[in-house]
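Student: Chain residues, written in single-letter form:
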Amino acid sequence: DTEVTQTPKHLVMGMTNKKSLKCEQHMGHRAMYWYKQKAKKPPELMFVYSYEKLSINESVPSRFSPECPNSSLLNLHLHALQPEDSALYLCASSQGITDSSNQPQHFGDGTRLSIL
Amino acid sequence: KNQVEQSPQSLIILEGKNCTLQCNYTVSPFSNLRWYKQDTGRGPVSLTIMTFSENTKSNGRYTATLDADTKQSSLHITASQLSDSASYICVVSDARYGGATNKLIFGTGTLLAVQP
Chain A
1 DTEVTQTPKH
11 LVMGMTNKKS
21 LKCEQHMGHR
31 AMYWYKQKAK
41 KPPELMFVYS
51 YEKLSINESV
61 PSRFSPECPN
71 SSLLNLHLHA
81 LQPEDSALYL
91 CASSQGITDS
101 SNQPQHFGDG
111 TRLSIL
Chain B
117 KNQVEQSPQS
127 LIILEGKNCT
137 LQCNYTVSPF
147 SNLRWYKQDT
157 GRGPVSLTIM
167 TFSENTKSNG
177 RYTATLDADT
187 KQSSLHITAS
197 QLSDSASYIC
207 VVSDARYGGA
217 TNKLIFGTGT
227 LLAVQP
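As they're listed, the protein sequences go chains A and B.
Taking our numbering, the leading residue of the first sequence gets 1, the next gets one more, and so forth.
Taking our numbering, the leading residue of the second sequence gets 117, the next gets one more, and so forth.
With the rest of the complex left out, here is chain B (with noise of 0.2 Å):
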């Protein structure tokens, strides 16, 4: 079982509405949860890091939040645009590794489609 679940598969929204990603995890104990936006035939791109004594964090549209008590995360998306059509990956830095490496688990990603 994947340790880094993440909710829904795809997602088809209209321009200019809002919308939520969801991510669930296993990985324990952890260091940080991040979120990557991946456009297609690019590489992954960070919009947020959280420890786990965060609750949230802002990089413009882009809000994460982190519920380490449920190991739970989202991420919201204002006013989307066209070019928020892309994969986004939630990971989870396995604290297990910490110190002497920085193994990060990835989950199985949104494929999110903004539409005209």
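Isolated chain A (complex conformation) (with noise of 0.2 Å):
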């Protein structure tokens, strides 16, 4: 089991649904991160947290909306999706975002997504 849990595991939804993803952890963390995972290729960055304050969207569309209610929660609020937005979402954590003690990030395994 990861110490950084997602919920739901699968998602199957409609492009006119909204839906949230959700991620928690209890180690700590201060940084929190949403990656999109398509199919056999290495996750992409679109969110990163850092003391419950947004640091980092990578240009994602507003059809994705980040929240982080408090230090253990990332939530990932979803409306009027595409097809294309099919994929695994990864949530990670960690102790800071500087890299002065190079800490890993701990990821959670994912919600797999499925618009119709």
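Worth flagging that the hints you see were computed from the coordinates, not collected in a lab.
For every residue, glycine included, the Cβ atom is placed at its ideal position computed from N, Cα and C.
Among the hints, a few may not be true.
Simulated DEER-style distance windows between Cβ atoms [unchecked claim]:
| id | chain 1 | residue 1 | chain 2 | residue 2 | range |
| --- | --- | --- | --- | --- | --- |
| 1 | A | S59 | B | T136 | 34 to 44 Å |
| 2 | B | D185 | A | T7 | 14 to 24 Å |
| 3 | A | S65 | B | V161 | 26 to 36 Å |
| 4 | B | T156 | A | L73 | 46 to 56 Å |
| 5 | A | E58 | B | N171 | 40 to 50 Å |
| 6 | B | Q119 | A | S65 | 38 to 48 Å |
| 7 | A | N57 | B | S123 | 26 to 36 Å |
Grab the two chains, each in its own frame, and use the hints to assemble them into the complex.
Tutor: Right under this line is the structure:
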């Protein structure tokens, strides 16, 4: 089991639906990340939160809306997605966002999202 | 052009044999280089992290090497097991963002299959 928990594991939704992906960690990490991973491709960074504030948005379409309610939780709100948005969405956390301690990012097992 | 290139794309070996995976990168400056293992349907798991001043780091049967002058790294797996079957991803931390972010540049991965 990973220390970063993502729910749901699988999600099928229509293009007009609104849904949310959830991510939780209790390691005291202050940086949290959302990645998108297509089949047989490496993860692509979407968002970075540091101390509950959005630090990086990699030009992600507005149909993806992140939210960090507290230091342990990270949500990704989805609305009006397109079929090409079908992918594995990974959440990760690390102790801080600076590299001074060269700490690993801990990944969850992801949510497999399918858009009909 | 991807800033982190891995070879081979895929590899099949027999159980008990050793293998070496390669990673070439152009990310500069960089803070550290990481190797992750990603099982099918799971999130990546950190194997090793090396700063630019480190030449080698081991984690059980996994040994990573780094040559910062030639911008090359390798991951050597000793006495392979069936459970080593996974995608191995080389990740370089972009130091241009140092102190503010922890932006990782992912390689395309090597898919390793260990057969009995």
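Student: All hints are to be evaluated individually against the structure, with a verdict given for each.
Tutor: Each hint tested on the structure:
The beta-carbon spacing between S59 (chain A) and T136 (chain B), approximately 37 Å, falls within the hinted interval of 34 to 44 Å. Roughly 45 Å separates the CB atoms of D185 (chain B) and T7 (chain A), a value that falls outside the hinted 14 to 24 Å. Between S65 (chain A) and V161 (chain B) the beta carbon distance is about 28 Å. The supplied range of 26 to 36 Å therefore holds. The beta-carbon spacing between T156 (chain B) and L73 (chain A), approximately 27 Å, falls outside the hinted interval of 46 to 56 Å.
Distance hint check: the CB atoms of E58 (chain A) and N171 (chain B) are about 32 Å apart, inconsistent with the given range 40 to 50 Å. With their beta carbons about 29 Å apart, Q119 (chain B) and S65 (chain A) fall outside the hinted range of 38 to 48 Å. Separation of N57 (chain A) from S123 (chain B) is about 32 Å and conforms to the stated range, judged on CB atoms against 26 to 36 Å.
When the structure is compared with the earlier hints, violations turn up for hints 2, 4, 5, 6 and for no others.
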